[in-house]
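Undergrad: Residue-level listing of the chains:
Number of protein chains: 2
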Amino acid sequence: MKYSLILLLVAFVSNAQIKKEQLDLMPWPKNINLTDGTFTINKNFKVNITGNPNPRIFVGVTRFLRRLDGRTGLFFQQDFITKINQEPSAELQINCVQSGKIELYEDESYQLEIQSDKIIINATSDLGALHGLETLLQLLQNNSTSYYFPTVKITDLPRFTWRGLMIDVARHFQPVDVIKRNLDAMAAVKMNVFHWHLTDDQGWRIQLKKHPKLTELASDGLFYTQEEIRSIVKYADQRGILVVPEIDVPGHASAILTAYPEMGSKVLPFSNANAEKKQGLLSLSNYSIERNAGIFNPTLDPSNPKTYQFLSEVFDEVCPLFPGAYFHIGGDENEGKDWDSNPKIQEFKKKNKLVTNHDLQTYFTMQLVPMLKKYKKQLMGWEEIMTKDMSKNAIIHSWKGPNEGIPVGESVANAAKNGYKTVLSNGYYIDLMQSINDHYLNDPIPQNSNLTPEEKAKILGGEATMWTELATPLTLDSRIWPRTAAIAERLWSNADVNDLQSMHKRIKTVSFRLEELGITHLRNKEVILRNISKNRDITAIQDFSNLCEPLKIYSRNAGGTEYQTYSPLTLFADACTPDASAALDFDAAVSLYLADKNKNNAVLVSSFLKKWIQINKDLVQISYNAPQVQPILPLSKSLSDVSEQLLLVMEKNQVANSDLLNQLLKQCNSKEHADVELAVYASLKKLICS
Amino acid sequence: MKYSLILLLVAFVSNAQIKKEQLDLMPWPKNINLTDGTFTINKNFKVNITGNPNPRIFVGVTRFLRRLDGRTGLFFQQDFITKINQEPSAELQINCVQSGKIELYEDESYQLEIQSDKIIINATSDLGALHGLETLLQLLQNNSTSYYFPTVKITDLPRFTWRGLMIDVARHFQPVDVIKRNLDAMAAVKMNVFHWHLTDDQGWRIQLKKHPKLTELASDGLFYTQEEIRSIVKYADQRGILVVPEIDVPGHASAILTAYPEMGSKVLPFSNANAEKKQGLLSLSNYSIERNAGIFNPTLDPSNPKTYQFLSEVFDEVCPLFPGAYFHIGGDENEGKDWDSNPKIQEFKKKNKLVTNHDLQTYFTMQLVPMLKKYKKQLMGWEEIMTKDMSKNAIIHSWKGPNEGIPVGESVANAAKNGYKTVLSNGYYIDLMQSINDHYLNDPIPQNSNLTPEEKAKILGGEATMWTELATPLTLDSRIWPRTAAIAERLWSNADVNDLQSMHKRIKTVSFRLEELGITHLRNKEVILRNISKNRDITAIQDFSNLCEPLKIYSRNAGGTEYQTYSPLTLFADACTPDASAALDFDAAVSLYLADKNKNNAVLVSSFLKKWIQINKDLVQISYNAPQVQPILPLSKSLSDVSEQLLLVMEKNQVANSDLLNQLLKQCNSKEHADVELAVYASLKKLICS
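Chain order of the listed sequences is A and B.
Start counting the first sequence at 1; every next residue gets the next number (full-length UniProt numbering).
Start counting the second sequence at 1; every next residue gets the next number (full-length UniProt numbering).
Among these hints, one or two may not hold up.
The list treats identical chains as interchangeable, and a pair is accepted whether it falls inside one copy or across any two copies.
[What the hints assert, rightly or not] Below, computed lysine-lysine pairings styled on DSS-like, alpha-carbon distance capped at 27 Å:
(1) Lys-180 <-> Lys-234
(2) Lys-43 <-> Lys-534
(3) Lys-617 <-> Lys-652
(4) Lys-209 <-> Lys-234
(5) Lys-552 <-> Lys-101
(6) Lys-671 <-> Lys-43
(7) Lys-534 <-> Lys-508
(8) Lys-534 <-> Lys-153
In case anyone wonders, no lab produced these hints; they're calculated from the structure.
Whole structure, please, built from the sequences with the hints as guidance.
TA: So this is what it looks like as structure tokens:
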């Protein structure tokens with residue numbers, strides 16, 4: 001009885017006006033005008049569609065309804081929306097003027113108006129309407145007994161037209177269901193381009209009828225059938241997502257050449273030759289699927305007509321599977337070693353007045369342009385394809401930055417200045433395990449650039465790149481999400497939507513809601529930890545994983561040879577992610593304390609230290625029965641040791657032993673254990689060195 | 001330093017001899033002879049295959065290696081096993097005499113011998129070898145620093161040849177990846193028949209070129225393409241699993257008739273007729289996809305040649321997709337109402353001297369026999385097909401039992417006595433949310449039956465049936481596993497392997513290890529609870545879910561109309577499973593206490609009661625912000641109330657107020673809240689009534 005009175009009171013109180021800051025929307029809309037009321041959802045909630053939308057709207061609206069009833073547990077009576085004006089008196093009315101096309105520069109705008117008794121989405125096309133539905137889902141609120149939306153007027157449209165995610169399915173194959181759920185997640189944060197990196201040294205993933213050896217010999221049985229590709233392209237289309245396939249040439253070609261070595265550039269001295277492969281006094285090498293990571297030599301021979309014959313036939317078979325206007329041909333990281341040592345290729349260069357390997361590669365790439373044009377596709381490639389003779393119709397995919405010795409923003413600015421449409425990925429390399437902050441603050445338009453408005457307009461947007469040397473279906477989602485949601489906001493919202501604190505607050509909810517789409521970034525962490533702990537209590541190891549982050553940039557896979565493509569990625573490091581949550585909490589506590597060393601703030605910091613001492617004890621216990629815990633013990637011990645010393649200072653008011661503290665601190669900065677680093681190191685350093 | 005000494009000690013101690021009771025094998029092997037030593041696994045571990053196995057062995061052995069390195073974190077050098085005798089000096093040698101066939105009565109035996117420096121699997125065929133590898137994986141042990149197998153000799157073979165799991169993909173469609181991971185889980189416990197219930201009133205799930213309306217009009221867009229079906233059949237074949245497809249006829253036909261109403265039995269009076277569908281003075285009805293659960297009237301018209309034409313063409317297209325020797329045609333729950341009220345059908349009966357609807361259905365079913373024989377397939381059907389004129393070649397799928405008014409074992413005994421091969425599913429209806437104990441102790445050979453050995457041999461085995469009225473891709477695995485592993489043991493191991501305590505102990509590990517195959521029974525529970533708690537701390541609601549079980553038998557979906565097929569199954573009940581873990585623990589504590597009411601035992605029981613009082617408080621707090629917690633509060637309150645009273649008796653030595661206690665206890669038996677029941681009720685009753 002008592003609790004129902006409290007309930008009434010709370011229910012009354014919690015329908016108090018929502019403030020904008022309380023809304024967990026991402027990407028943040030262009031314009032949002034919140035008012036005082038609420039629209040309460042009950043099981044009679046229905047949806048109606050009017051106008052001339054593409055039929056994809058029916059799929060999207062039905063899914064919206066099921067996601068909403070899944071979240072609320074309300075038993076909506078409406079089952080499937082399959083026709084225009086099926087429910088004229090529905091509370092949610094969606095109107096689309098025209099059918100949306102899966103192309104760049106489409107009008108993706110929408111207006112969302114929530115009143116107390118109805119909701120209206122108006123959009124130029126179904127593309128905007130689908131975006132509006134995602135915003136509506138993010139607006140869902142609840143009190144103790146019911147679900148509701150706040151009354152609001154939103155008008156919204158994207159800043160950039162290219163808001164992409166690339167998934168590399170060559171280094172680690174990603175099955176159809178993994179791709180599809182990531183398309184759903186993209187749509188949830190209004191991303192609209194899926195760049196599918198389908199081939200690389202480690203595998204060819206497209207089944208071709210005319211060239212069956214590619215999958216028979218160079219895929220380890222892991223590939224997509226053409227029906228599967230069509231299914232994924234259709235799935236993407238239904239979500240307003242353009243698919244850009246990539247077949248990476250002329251480098252990154254180990255897989256292609258494993259199947260068809262006759263197109264390879266590498267030659268062997270005659271004494272090693274297999275007579276069948278003779279090429280003058282030299283013979284062609286064999287190739288095999290690459291099992292390591294890195295930049296490799298196998299490269300297609302640009303002087304061999306067979307190469308162009310092959311590629312032409314490949315495009316003939318692959319292009320019809322992809323209705324989109326762009327085809328990515330890779331073109332990156334060709335160091336030209338096998339070209340340099342092939343006399344026939346050298347002769348070809350001379351004959352065609354191609355001075356450098358860049359010139360030769362440009363020649364090669366330009367042969368592909370008409371092959372793609374035949375299917376009304378524009379060529380796109382990594383920035384290495386941008387040479388003086390490359391057609392200005394090509395889209396330049398800008399990826400180099402400080403890790404490659406290029407200043408931030410220079411590559412994308414160059415492309416724009418040279419008159420090319422360009423997409424930025426540098427700064428969005430989510431495989432490098434860097435903080436969400438770095439990606440969020442990375443703007444496609446370079447700061448302090450002297451780009452004219454015309455040149456700025458050439459920067460189509462950006463693309464998060466999920467290279468999968470170290471990501472399997474078990475861990476992929478945790479490496480993409482939630483950081484890619486912050487990138488999605490960077491690409492959709494105004495440039496001045498850049499407050500880190502606001503982003504961190506909103507992303508907690510956005511991240512949680514991705515689970516509804518099947519995203520496994522949260523749930524699979526415990527699966528990995530249960531395996532490591534042999535099904536014992538995972539509390540301590542889970543707590544410790546929230547303090548650690550995987551090694552960053554290219555340091556985890558030392559030399560590219562520590563892990564092979566078939567090596568286990570079920571280790572402690574695979575349960576860790578960037579932006580370790582407990583490290584963020586500790587950093588906040590340290591900041592508070594350093595600003596005001598009062599007792600409460602000191603106690604908060606000490607509570608972390610005490611917990612870490614306990615975690616270490618617990619991990620030692622667990623390690624007696626868990627070999628995979630052994631490698632992390634040095635780190636938990638280092639953390640425990642420095643915590644003990646710090647506690648002596650903070651709690652027992654002992655004088656700090658600087659040398660000792662610094663030595664223990666240094667141990668906490670080790671990168672030598674379990675392929676992870678202690679994410680609390682920076683905050684500990686602040687604390688110790690203050 | 002200290003811990004490394006302890007480590008050494010423990011390492012020494014924990015390589016002490018394993019006892020049989022410590023092994024978590026399921027199904028328990030026929031013969032197992034454990035010796036004193038160990039085989040330590042290091043990264044040089046390799047596998048070699050000799051003999052004449054089917055190529056499926058290469059897929060299976062490669063997967064075995066990857067599962068082993070995934071569990072251990074060891075970086076095995078061997079990537080893919082693709083050829084016979086690829087690694088002659090490998091530590092693990094597998095020899096298969098011949099190629100295994102995916103058929104009944106195959107020799108699935110194996111011998112597994114683990115010595116300290118080598119492991120040998122000998123099997124008649126790859127089928128046995130794959131079983132041996134699953135046993136080997138289950139034998140994996142570890143100490144603090146390494147992984148090892150105990151030295152052992154095992155010889156093993158199954159008791160029954162039909163060890164099946166049926167998944168109903170009609171009531172709730174289950175995508176390809178869901179089916180495939182369940183095939184992996186089946187193989188892990190040596191199950192070998194996948195019965196695929198592909199069609200029912202709620203949907204038709206097979207894409208047919210010749211009859212496209214079935215998927216266009218009767219699938220809600222959820223179906224398998226023929227390529228997907230072939231892919232699943234191949235996946236099953238690689239795991240030694242026979243696929244038995246089911247197209248359920250002549251009843252359960254709402255979906256078929258939605259697409260092709262001309263074959264339906266229901267007639268309408270002429271005044272309601274659509275002139276095109278005239279049939280004399282009556283006209284045929286239209287049909288629609290069924291959204292509720294239950295037994296429905298739509299039935300194929302057995303007097304209409306079109307029906308047989310249709311079925312013949314369907315079998316022509318479907319049979320080639322399935323290489324197995326059996327095709328299930330359903331035949332269950334045809335109450336014949338539309339037959340009775342159709343004059344044309346009544347006339348047909350008279351003309352063909354068919355007296356009852358059973359006779360008519362037998363006539364119908366017998367027409368299907370040659371359609372299937374054309375593709376070398378034997379007909380199988382639910383037990384209703386067993387009438388005096390049904391061909392003895394048909395396999396009878398026995399499903400009726402006490403819920404249908406039939407004594408346990410009578411149906412399967414009847415089939416055997418009548419000379420039919422038969423498979424038992426009664427007692428393995430895993431959708432009914434009953435305890436693993438019930439399924440485990442349910443033996444295919446009826447107790448006290450007077451079956452002759454010949455008749456007993458007609459009982460091929462059994463099949464767990466996963467009907468999906470209330471199971472979606474999110475929850476399916478939690479409804480199948482781990483209980484089906486216990487059924488797998490019942491069907492493989494000796495009849496006297498039936499100790500409940502041993503089964504419960506072993507199944508904890510078996511259940512955990514299923515996660516490696518992608519099974520979501522553990523991880524998805526928290527996804528559901530996070531949604532319900534709006535991403536707040538789920539501890540209390542998780543604890544409470546471990547005390548509750550979903551309502552059993554057919555009581556959750558009241559009248560079959562409480563839930564439609566599109567209703568949300570993301571509720572608290574969907575996070576609960578049978579055999580609620582905390583309830584089992586509480587029962588153990590109560591049993592201890594009732595046997596000896598000493599202080600320790602009393603304290604243990606009290607600790608549960610105190611926890612439940614706290615859980616209730618926590619849930620009330622959470623409910624202020626979580627509407628979906630509201631429905632469970634009456635249950636948590638009932639539990640808290642009775643706990644408070646019991647504590648007064650147990651801790652404060654107050655005299656028990658019997659009336660009050662019994663009244664509070666009765667509230668704990670309520671089935672009225674959140675579609676769950678308090679699984680601790682029975683133990684509370686024991687406690688209170690003692």
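Undergrad: Against each hint, give a clear statement of whether it holds in the structure.
TA: So, going through the hints one by one against the coordinates:
1. Lys-180 <-> Lys-234: both (10 Å within a copy, 22 Å between copies)
2. Lys-43 <-> Lys-534: between (44 Å within a copy, 20 Å between copies)
3. Lys-617 <-> Lys-652: within (22 Å within a copy, 37 Å between copies)
4. Lys-209 <-> Lys-234: Result: close both inside a copy and across copies, 21 Å intra and 20 Å inter.
5. Lys-552 <-> Lys-101: neither (39 Å within a copy, 49 Å between copies)
6. Lys-671 <-> Lys-43: between (54 Å within a copy, 23 Å between copies)
7. Lys-534 <-> Lys-508: between (30 Å within a copy, 11 Å between copies)
8. Lys-534 <-> Lys-153: Classified as between; 25 Å across copies, 52 Å inside a copy.
Of the numbered hints stated above, the single one contradicted by the structure is hint 5.
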